[in-house]
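K.L.:
Given the sequences, and given the hints that come with them, work out the whole structure.
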Amino acid sequence: AQSVTQPDARVTVSEGASLQLRCKYSYSATPYLFWYVQYPRQGLQLLLKYYSGDPVVQGVNGFEAEFSKSNSSFHLRKASVHWSDSAVYFCAVTPQGTGSKLSFGKGAKLTVSP
Amino acid sequence: NSKVIQTPRYLVKGQGQKAKMRCIPEKGHPVVFWYQQNKNNEFKFLINFQNQEVLQQIDMTEKRFSAECPSNSPCSLEIQSSEAGDSALYLCASSPGQNTEVFFGKGTRLTVV
Numbered sequence: 002a003q004s005v006t007q008p009d010a011r012v013t014v015s016e017g018a019s020l021q022l023r024c025k026y027s028y029s030a031t032p033y034l035f036w037y038v039q040y041p042r043q044g045l046q047l048l049l050k051y052y053s054g055d056p057v058v059q060g061v062n063g064f065e066a067e068f069s070k071s072n073s074s075f076h077l078r079k080a081s082v083h084w085s086d087s088a089v090y091f092c093a094v095t096p097q098g099t100g101s102k103l104s105f106g107k108g109a110k111l112t113v114s115p
Numbered sequence: 194n195s196k197v198i199q200t201p202r203y204l205v206k207g208q209g210q211k212a213k214m215r216c217i218p219e220k221g222h223p224v225v226f227w228y229q230q231n232k233n234n235e236f237k238f239l240i241n242f243q244n245q246e247v248l249q250q251i252d253m254t255e256k257r258f259s260a261e262c263p264s265n266s267p268c269s270l271e272i273q274s275s276e277a278g279d280s281a282l283y284l285c286a287s288s289p290g291q292n293t294e295v296f297f298g299k300g301t302r303l304t305v306v
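Protein sequences appear in the order of chains A and E. For the first sequence, the positions run 2 to 115 when our numbering is used. For the second sequence, the positions run 194 to 306 when our numbering is used.
By construction, these hints were calculated from the structure, which means they are not laboratory data. Be aware that one or more of the hints could be misleading.
Covered stretches of chain A (in silico footprint by chain E; criterion: 3 or more residues with CB under 8 Å from a CB of chain E, positions within the stretch not fixed) [unchecked claim]:
id	segment
1	42-49
2	105-115
Pairwise CB distance ranges (calculated) [what the hints assert, rightly or not]:
id	chain 1	residue 1	chain 2	residue 2	range
3	E	ASN233	A	ALA18	26 to 34 Å
4	A	SER85	E	ARG202	18 to 26 Å
5	A	ALA18	E	GLY209	45 to 53 Å
6	A	ALA18	E	GLN210	44 to 52 Å
A few chain E residues that don't get close to chain A, going by computed Cβ distances all over 10 Å [unchecked claim]:
id	residue
7	GLY207
8	LYS256
9	GLU261
Values in this document were obtained by computation on a predicted structure and should not be read as measured data. Where a beta carbon is used, it is the ideal one built from N, C-alpha and C, also for glycine.
P.N.:
Set out below in structure tokens:
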């Protein structure tokens, strides 16, 4: 069965520290991959996307993600977090060529402590 | 910032009542999606449209959900007879086309009391 796994449901880091949020997917072929962020009482905002090419993709606000075909992963990183990064982060995938219906992980709630 | 507009932001209904929410997709986006996000952050894809035509939908066996995207009018999602389990955040999203990025609205939070 196709699935998206975010193993860390809650992550707490200190302001200024580095961050990695993990995402693993299980699909028969390489899908399109996305990271979204959701702030309280808001919808989802796209951070970055991977379709093909360079496995490291840059996103907004200093976020980047690295695709690994061998590990079926798409981990999100940030070198130095800010308190305003506190939010819930979702990894999402869609199979190529079948329309853009997204499958989401269960999210990782990030808390940035002062 | 997304230009997908969802109304209302909050909706409170009694059990058995109809619940209707609307979505104006971003201009020029022919593909529209509806997702349900529950309190456990689980997303359920409900339906998507390209222009006015349904592309995919889940098996709404309960037949309580209906959706449409008429031309020149907002898209809508309606629950005919609300149940407590329908309490969730309903997210509308739009896309320029298939297999491209998807932009979400702020959602309609439905509470069924």
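K.L.:
Taking the minimum C-beta separation from E/LYS256 to chain A, is that value above 10 Å?
P.N.:
21 Å, holds
K.L.:
Should the hint that A/ALA18 and E/GLY209 are 45 to 53 Å apart at their CB atoms be regarded as holding?
P.N.:
50 Å, holds
K.L.:
Taking beta carbons only, do three or more residues of the segment 105-115 of chain A come closer than 8 Å to chain E?
P.N.:
This one holds; 3 residues, not fewer than the three required, reach chain E with a Cβ under 8 Å.
K.L.:
Using the C-beta atoms of A/ALA18 and E/GLN210, is the stated range 44 to 52 Å upheld?
P.N.:
48 Å, holds
K.L.:
The segment 42-49 of chain A covered by chain E? Criterion: 3 or more residues, Cβ-Cβ distance below 8 Å.
P.N.:
holds (count 6)
K.L.:
Given the range 26 to 34 Å, decide if the beta-carbon distance of E/ASN233 to A/ALA18 lies inside it.
P.N.:
28 Å, holds
K.L.:
Does the Cβ pair A/SER85, E/ARG202 satisfy 18 to 26 Å?
P.N.:
Since A/SER85 and E/ARG202 have Cβ atoms about 22 Å apart, the given range 18 to 26 Å holds.
K.L.:
Against chain A, does E/GLY207 hold up as non-interface, every C-beta pair farther apart than 10 Å?
P.N.:
23 Å, holds
K.L.:
A cut-off of 10 Å on Cβ-Cβ distance, and E/GLU261 was said to be off the interface with chain A. Does that hold?
P.N.:
E/GLU261 is indeed farther than 10 Å from all Cβ atoms of chain A, at 18 Å.
Checked against the numbered hints above, the structure violates none of them.
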